[in-house]
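Visitor: Those protein sequences? They're chains A and B, same order as listed.
Just so we're aligned, residue 62 is where the first sequence starts under the numbering used here, counting upward by one.
Just so we're aligned, residue 41 is where the second sequence starts under the numbering used here, counting upward by one.
In case anyone wonders, no lab produced these hints; they're calculated from the structure.
Beta carbons: idealized from backbone N, C-alpha and C, even for Gly.
Treat the hints with caution; some may be incorrect.
[Unchecked claim] Capping the alpha-carbon separation at 25 Å, the derived lysine to any residue pairs in SDA-like fashion look like this: (1) A:K347 x A:A327; (2) A:K498 x B:P141; (3) B:K206 x A:A327; (4) B:K206 x B:F159; (5) B:K167 x A:V526.
[Claimed, not checked] Residues of chain A clear of chain B, computed beta-carbon distances all greater than 12 Å: (6) K131; (7) N196; (8) T245; (9) T298; (10) R338; (11) D510; (12) N516; (13) S528.
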Amino acid sequence: MGQKAICLLIIAALLLSIVPGVAPAGPQPASTSSSGSSGGGGGGSGSHLSLESFTNYLVSWQKENPAKYKYMIQLLSKGNVQAYKDPSLGLIFSKNKSVNRNEELDIKFEVQNPNPIDLRIPLFVDLEVMEPGGNGFKKVNQNSMVVQPFSYTEQGKINYFQSSWPEVTRLDQIDKMGLLKEKTGEVKFRAVYSDGSRKKYSTDWIFNPPYYGVLVLNLTNRPPEMKNISLIASNKTRYNDPIEYRATIDDADGDMINVTLHILDAKGEELNNKTQRMLPGIVSFKAGEYGFFSETDAGKNFTYYYSFDDGINSNQTAIQPGPNLRRGPKLYVDKLNVTPESSNCYWWQWYTFSIRAKNQNPESFDVIFTLFSRTENSDWRTIESKTMKVGPEPQMIYFNKTEPFVVADANATFSYRIKLSEYDQNGKDVLEAIGPKINAKVVPYAIYDPVMVANLAILVFAILVGSLLLERKLKRGTESQESSSGKAGENNDRDGKNTGNDKAGNISAMFKKRG
Amino acid sequence: MDRFLLFAFVLAAIPISSSGHEDLARSAVLLAFILVGAVALHIYNQMRVHKKIESLEHCHVAKESFYKEITIAQGSNFSALAFAAWLMLFVAIAYLYFLVPIILPFSYMQIPDLASSPFGFSIFGLKIAIVATLVILALDKLPESHRELKLTEIYSFYTISKRAKKVIALTIPALTISIVCSAYIGTIYPAHSPIGESLALILLALSAGTLVAPIYKDAVEGLR
Chain A
62 MGQKAICLLI IAALLLSIVP GVAPAGPQPA STSSSGSSGG GGGGSGSHLS
112 LESFTNYLVS WQKENPAKYK YMIQLLSKGN VQAYKDPSLG LIFSKNKSVN
162 RNEELDIKFE VQNPNPIDLR IPLFVDLEVM EPGGNGFKKV NQNSMVVQPF
212 SYTEQGKINY FQSSWPEVTR LDQIDKMGLL KEKTGEVKFR AVYSDGSRKK
262 YSTDWIFNPP YYGVLVLNLT NRPPEMKNIS LIASNKTRYN DPIEYRATID
312 DADGDMINVT LHILDAKGEE LNNKTQRMLP GIVSFKAGEY GFFSETDAGK
362 NFTYYYSFDD GINSNQTAIQ PGPNLRRGPK LYVDKLNVTP ESSNCYWWQW
412 YTFSIRAKNQ NPESFDVIFT LFSRTENSDW RTIESKTMKV GPEPQMIYFN
462 KTEPFVVADA NATFSYRIKL SEYDQNGKDV LEAIGPKINA KVVPYAIYDP
512 VMVANLAILV FAILVGSLLL ERKLKRGTES QESSSGKAGE NNDRDGKNTG
562 NDKAGNISAM FKKRG
Chain B
41 MDRFLLFAFV LAAIPISSSG HEDLARSAVL LAFILVGAVA LHIYNQMRVH
91 KKIESLEHCH VAKESFYKEI TIAQGSNFSA LAFAAWLMLF VAIAYLYFLV
141 PIILPFSYMQ IPDLASSPFG FSIFGLKIAI VATLVILALD KLPESHRELK
191 LTEIYSFYTI SKRAKKVIAL TIPALTISIV CSAYIGTIYP AHSPIGESLA
241 LILLALSAGT LVAPIYKDAV EGLR
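Chain A with its partners taken away, still in its complex shape (with noise of 0.2 Å):
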């Protein structure tokens, strides 16, 4: 623009300089007259103006008639202005008009100009939304695209130019900024231009799909549904044993979902409730987390329903049963022990174990105690399992002449764990203690010990009838002789075929000579 506004400059200053009729009338300022062959005073000499004469002229004209002043200056500055066009603006969707807040949206904009480059200017796009049952538009992007006349792309007589707001991706993030006070309904988008002094709109022009003017889109909510409801717990639940609850909350439309967990007691009225805001997923709930169940609820039967909602949305499910937690005892154990036959320790001898434990309260109850032990070479084995009353009196429990080890826990530290069946004052099940180390020795018998003498008896017993058997299979004994008497009979196998040697008989001779 300004090296077409110098162009003209420069071709209005030749015509000055060859017309001399164009010459300002006025008053000249001296320098112009004492430059000669410039024509200053409107000379026809035909020669050049120089740059100060022009300006001259434009002094004067600026003072002798304004208007036309006006005019030329703006004529130099825009070209011809009452030849420009407004460029049009129309927003591009190709995608279904029905979405929900988490979908891509990928709203594009575009611009058409039919103006030569010379006359573009620079164009600054935003987005407007309207919510729904709004009575206006607001602006949606926080920075401008902007369109400079060099953007647009040449498609035969038309220039145009596309491109989107990069954050504008999805509803909720508009939802976000607080622009969609309804959560469903016909939301609408238009876009708006500024060149600087005027302002246009989409809606001033009129398109046909993928184009429009004001994109309406119906924006719309899937509920959230929950399913696969359950309790885990064991069977025979205390209120203090582990219980979950645990369900699939799914929303469609992928939102964040307020999950609320309603205890309720055997008649139905809520005596707890807790909320969990979340993805879609599983939601699950501890009660050792939560603190639903106390001591005072060993005993009682409850239900559980859960409510849920997306921020649009909400629903519920019906009420499940469970849990129904049991009375036990108010278990309390101490003095674990463990005593060996005899101070040595040895794995083949037997061991008693001990534990004291009574209940709490007034009432009787049946409790398991299990004995474990292991060493550092063996994994926990279950030795004894007893089933004893436990009362407000403290009683000992005994498990008595166990024998829990076997050779390979020789030469071993042993340690020794009990496991009830209900929880203790320190809410274990489980006690545990480090027994004294197992003797090294391995063999249980002494020598003299009669398994001993039966081992060495059979041994020796066995190794003299087995060579006494072997030799009467043999004859080794009588073989040689015979052979060497000449009186081989029978065992001819020895007198190789090809060894016969008369010298033989001379041989034996020699050595009976020797014996």
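Got chain A; can you put chain B on it based on the hints?
Guide: Chain B in isolation, oriented as in the chain A frame:
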């Protein structure tokens, strides 16, 4: 004094001379040397006599004929006792050196089920005896030209006096005591009994020396 006994004592003195718990390993090596040496000398003895016969006869004498004529039957009772003595020697060696992990990292004690079994000791000993018997019987199947390698006939190649036979027979009770001493060491494991170990070793060495004494005696006499 019977030279046989002299040889037996000299041979026994070699492993016994290594005293102390750590030297049980050395005694095992020395004992192995005595036994391997006995095998080598036994073969050497037969080769030496065979060559001597051939040089005297000025002709080739087949080994089969040579062995046929050279062997002397020692009697069934003695052969049975000698066979038993050899088996007990192998069992006594296994009991002394393999019952507890003294020399090698593996031992009977590292087979916990066997070690804690009421009849683990006899099972262990019988397994050793059976393996030894199978080896001896396998050697017995060698051809006639290799009769010198048959342990069942080892004493047929030597002149053994009645007294020597009695001494060889006495190795059975000696080896029995050695086995008992070794078993005692096993029963008190991981404790040690230097006396038990020494006694087991002495009796084992004496028995081994006695059993191979005829071979060494013949070899030394042959050198003269």
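Visitor: Work down the list of hints and note, for each, if the structure agrees.
Guide: Hint check results:
1. A:K347 x A:A327: Holds: K347 (chain A) and A327 (chain A) sit about 20 Å apart, inside 25 Å.
2. A:K498 x B:P141: Holds, because 21 Å separates the two Cα atoms, which is no more than 25 Å.
3. B:K206 x A:A327: Distance of about 99 Å is beyond 25 Å: violated.
4. B:K206 x B:F159: violated, 32 Å
5. B:K167 x A:V526: holds, 15 Å
6. K131: Its Cβ never comes within 12 Å of chain B, the nearest being 114 Å, so this holds.
7. N196: Check passes; 91 Å lies beyond 12 Å.
8. T245: holds, 76 Å
9. T298: holds, 43 Å
10. R338: holds, 59 Å
11. D510: violated, 8 Å
12. N516: violated, 4 Å
13. S528: violated, 4 Å
Going through the hint list in order, the structure does not satisfy hints 3, 4, 11, 12 and 13.
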